[in-house]
Amino acid sequence: MLIRTNRRGVEAILRYSIQRLLAAIPVVAIVALIIFSLLFLAPGDPAALLAGDSATPEMIEELRVRLGLDQSYFVQLRIWVLSIFRGDFGVSIFSGTPVLELVYDRIEATAALSVVTTVFAVLFGVSLGMIAAWRAGGFVDRAVLVLSAVFFSFPSFVIAYILILLFAMQMQLLPVQGYVSFQDDFWGFWVKIILPCITLGLPFLALLARITRTTVIEVKREDFVRTAVAKGLPTNQILMPHVMKNAAIPIVTMVGLGVSHLISGVVVVETVFAIPGIGRLVVEAILQRDYPVIQCVTLLSSFVYIVVNMVVDISYSFFDPRIKR
Amino acid sequence: MKLNKREFLGLAGAAAIIPGGFAFAQEKKSVLRYGLSSLPRTTDPHFRTGIQVRTVSFAVYDMLFAVNDKFEVTPQMVDTWTVSDDKMTYNFTLRDGLNWHDDAPVTAEDCVLSIRRWGSRDQVGQLLMEATSRLEPTSEKSFVLELGKPFAFVIESLAKPGSLVPAMMPKRYAETPASKPVTDLIGSGPFKHVPEESRDGHSMVFVKNTEYVPRSEPANWASGGKVVNFDRLELIEIPDATTQLNALLNGEIDYIETLSSDLLPLVEARGPEVARITNSSVVQLVVRINHLQPPFNDLKVRRAFQLAVNQQDVVSAVASNPAFARPCDAVFGCGNQYESAVGAPIHDMDKALALIAESGVDLSQPIVQLLVANASTLTPVGEVMADTLRKLGFTVDQQIVDFPTFSSRRQNQGPISEGGWNIANTTVRTVESATPIESRAVLTNGTDAWWGWPEDAVNEDLRKQFGEEFDIAKRKELTDQIQARIYENVSYMPVGEMLSLSVASGRLENVLDAPTNFFWNISIKP
Amino acid sequence: MNALLPLIEVKNLKVTFHGRTGPVLAVDDLSFQVSPGETLAIVGESGCGKSATAMSLLRLIQPPIGRSEGGSILFGGKDLLQLEYEEMRAVRGREIAMIFQEPMSSLNPVLTIGRQLTETVRVHADASQETSRLRAIELLHLVGLPDPESQLRKYPYELSGGMRQRVMIAMALINKPSLLIADEPTTALDVTIQAQVLDLLSKLQEETGTSILLITHDLGVVAEIAKRVIVMYAGRKVEEATTIELFDNPQHPYTRGLMAAGPRLGSAMADVKKARLREISGTVPIMNGELVGCPFAERCENVLDQCRLAFPQDTQVTETHCVACFNPNGAT
Ligand SMILES: Nc1ncnc2c1ncn2[C@@H]1O[C@H](COP(=O)(O)OP(=O)(O)O)[C@@H](O)[C@H]1O
Ligand SMILES: [Mg+2]
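Protein chains in written order, with the numbering used here: chain A, 130 to 454; chain B, 8 to 533; chain C, 6 to 337.
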């Protein structure tokens, strides 16, 4: 009986996800078209950049022809769309490597950074928010309020330099920079990812702590919490699941927003800590007008954005049975 | 809390001086880790200029000839060579023991094709190819080069230390057109590339080429014996300058390509046993004015501007520390073999204003300046130029652009109304502009010249004479004449020099003081 | 007084809320006791401190909202006000259970009925999932919910108000508490449902022998199930009697006012509000410490000068009936 209900639930979620993804296709297509057009209109010519400072106009023109940049907007658009349908995202203008290969090489670092950061921020942000709310006005509460204001207003490179100074330069506990895949060196992975994740995670954590605090304080006033206390439930059971399941929706919404915004924070962190991630790849590509790379990463990030939103939406119905899809 | 990056660096720097304990990096035996702001995306030395491409190509590829720190040419891959009395026929024989990294032996055919490929793209190479009537192998190990018209720089060309570097490649790469970059890195030089261990955006890994037979002469720049004293070389991309230095001070890397000028005090504070400046390359600060469009099509206006520029202003704008920048009147680089002060303008504002009045230029027409935004060198130099123009009575329309936009807009020869420009500035490494034939900046063949398109037949003729001159003393005379002519016509405007400093950790010894970072000769203290 | 040892004995209870504008004295010097198996009702207008009394028995009023001070609450030989947190937690939901006024919001909206019932069992006993589930089904059956097994999987929003209050009752009784506090259990319900729930409560009391402290503003409800009544006004006990004595011979002018206003059992909430104390004008004062004397003085028809100077002592009318009034009979 129970199992059947679950299976039905899983089927519903699957069906819903597929619907959402299909509905997202036009959005992604429009994003792609806008990006393509903006890049076409943007000043700057990758051929001139690639050819270098001392190149003659003939060399530049030769490159333009070879790269197909001399074609009209519609011809280029058609070529691009057709190749995407074949699963071909083109070749980087600068390195000559297929874009998918480049993205594949870089995605692991960014994914690892984002996942570890999110877990870190959610774990500590939500716990701190919970403690702060449960003892509103207490020491933890005041500390959380002050610290979250601090972390939120500090630019992340400042946080990064302070962390490097303390943990790498003075205490010699952690390395200054670098990245290693966890498959290659599990321990090294963690040692190197700690500071970047804290840097990236602190503002996120601060945000989550605040939103958790506010929400929990609100939920705490609800009658059913009084019921739970009157039943003799211990504090941890009152918080989890009674309070937290009710507080989950604003928190999960904020987590979703935070994750979608990580991509912008990721650039600074990847730069300061020399992590070979997507953020740096795309910034570099923009600075070099490496169109195929920019286009692929943009598509990828709009897809990630859509999936994150979808997961957040699906989780709503998990946290609140009253929300029907 | 608003703290800008520079202020913060000051704070961070003050605290970073406290000496650290043990080095963090795992002490694997004899690895040299070299930090640079960006790994080269294209490594084809016949295709792309730039210091990173050069760094990689000197490590991986070898050359027929090489220059030392006095710009004297010595054979490198070549064993013996002869020149006919009329200086029109050259015969080269390769030395023994040369092998490509894929184990095939280096043949004369490989070299001939490599010269042709490089010669199709490089400015000096093109001159060489124009003069060459025959270039072909005569045996497995030797080849002949016959000139159809006089050219005095055959050997110098093949030893060229600046981009595009005449690196030797195996036949299968040398056969491809130079407009299509080679993506593999297979040469015959002292380091072998390990693509499997390299990671885009993170590191490029090389191992010592144990098959490599160095020459017996001591190493001096790229000439002499390229003896490698460690097993593995890692080029590590660290985009942030502060992180680079922190990583060096923490023992995570050993050698930094370019030190940001505001970080020099941190290096000096630690003392030479921790880190020290080992070598530098010189960057010329260059202003380009558009000779095709008014007002700079008027020689009087050009001269007025040249007199109004004060190099001291430029130098103090790009670096507060005098170790990083200096005034320099030499068109072919201070410290280079053709350094000279001949014909240099002496800053004189009164004369400049008088010339402007005399020229009758329409001061109401604004000067369009292409100014690269947020660039540590280009932006301040551009601002000084704008100020100088304003002092002359011009109004300046500063068009702030990013580098890609700049790279394409500067190609526009048209009038202002069609997106053209009047003034812009850039930098040139003096290792690449040390002679009148290598420097693209000193061309004066009008619309075929470098952007700015100066036209001056006299200078072109002097350059041609230089290309045919074998006598060292006469060459020097000619470059002095060229420089005088350039200043007379205001064909080229160097406005100062900046040093780009490399820093090595105290563990490295015998680092060669060269304008490109070479990894041979270095030994690592355990 | 009952010869039996009281189940719970409240002595001189004082409850203060830390309101925005300063402390509010919600309950002042309140003493009463409940015997085993007995139903005691507390009546009074809205805002006179009934809920505050009920909640302080479970120590649900804690800083920063407010606190219970002075006096004692003796229960099973212990003073509840002195218990450690964990000891108190063992009493909550186990020895003393409570049904709240608001069935709509007193159940957790995002957890199943089953989960909310079973956790109440398991927090106090080392019961398996299955045992507690069976117990939950048993209780839902007892409170008269159809198809208890399928109710377990439902969420509160899938139930009507009356059903939810039945679930609340089931949850309160699931650990067989010796005292059940029911704070206006029917106020928020439809008229027809009100009667059903009251019937259920009295039926369950007969079956389980639980003592009930019934809190209501409705004298009709009192008449229905309580044996004894306490009348509260502005945090003070003004009259205490058996139900029969109170209805036969109300002493306090406030009690008489309540009776005159008292709607019969079964009238709807709206009617109650409209009909409230039509005999007495004015509202319950907020006790912020400025008031001396009898708080009812302002509204009282029998008021004497001394009423404004001090609160009257309890006067025994009979052995089981006492009143706190200087002038119950309206002498002038
Ligand atoms: N949380 C609170 N903060 C401040 N005052 C309160 C609070 N709850 C109740 N009160 C005050 O305490 C008094 C008694 O309230 P309550 O016990 O709820 O009355 P009843 O249940 O009899 O309607 C009222 O004057 C009310 O305004
Ligand atoms: Mg109440």
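Derived by calculation from the structure, the hints in this document are not laboratory data.
Virtual Cβ for every residue (Gly too), placed ideally from N, Cα, C.
Among the hints, erroneous ones may be present.
[Stated by the list, open to error] Residues from chain C shown here face chain A by an in silico Cβ test under 7 angstroms; the list is partial:
(1) K19
(2) L86
(3) L88
(4) H146
(5) G149
[As the list claims (entries may be wrong)] Straight-line alpha carbon distances no greater than 27 angstroms define the calculated DSS-like cross-link-like pairs of lysine-lysine that follow:
(6) K232/C x K374/A
(7) K94/B x K156/B
(8) K483/B x K471/B
(9) K483/B x K178/B
(10) K374/A x K159/C
(11) K16/C x K349/A
(12) K156/B x K358/B
(13) K307/B x K358/B
(14) K16/C x K181/C
Results of checking the hints against the structure:
no., hint, verdict
1, K19, "violated, 21 angstroms"
2, L86, "violated, 16 angstroms"
3, L88, "violated, 12 angstroms"
4, H146, "violated, 19 angstroms"
5, G149, "violated, 21 angstroms"
6, K232/C x K374/A, "violated, 42 angstroms"
7, K94/B x K156/B, "holds, 10 angstroms"
8, K483/B x K471/B, "holds, 14 angstroms"
9, K483/B x K178/B, "violated, 38 angstroms"
10, K374/A x K159/C, "holds, 16 angstroms"
11, K16/C x K349/A, "violated, 30 angstroms"
12, K156/B x K358/B, "violated, 45 angstroms"
13, K307/B x K358/B, "holds, 11 angstroms"
14, K16/C x K181/C, "holds, 25 angstroms"
Checked against the numbered hints given earlier, the structure breaks hints 1, 2, 3, 4, 5, 6, 9, 11, 12 and satisfies all the rest.
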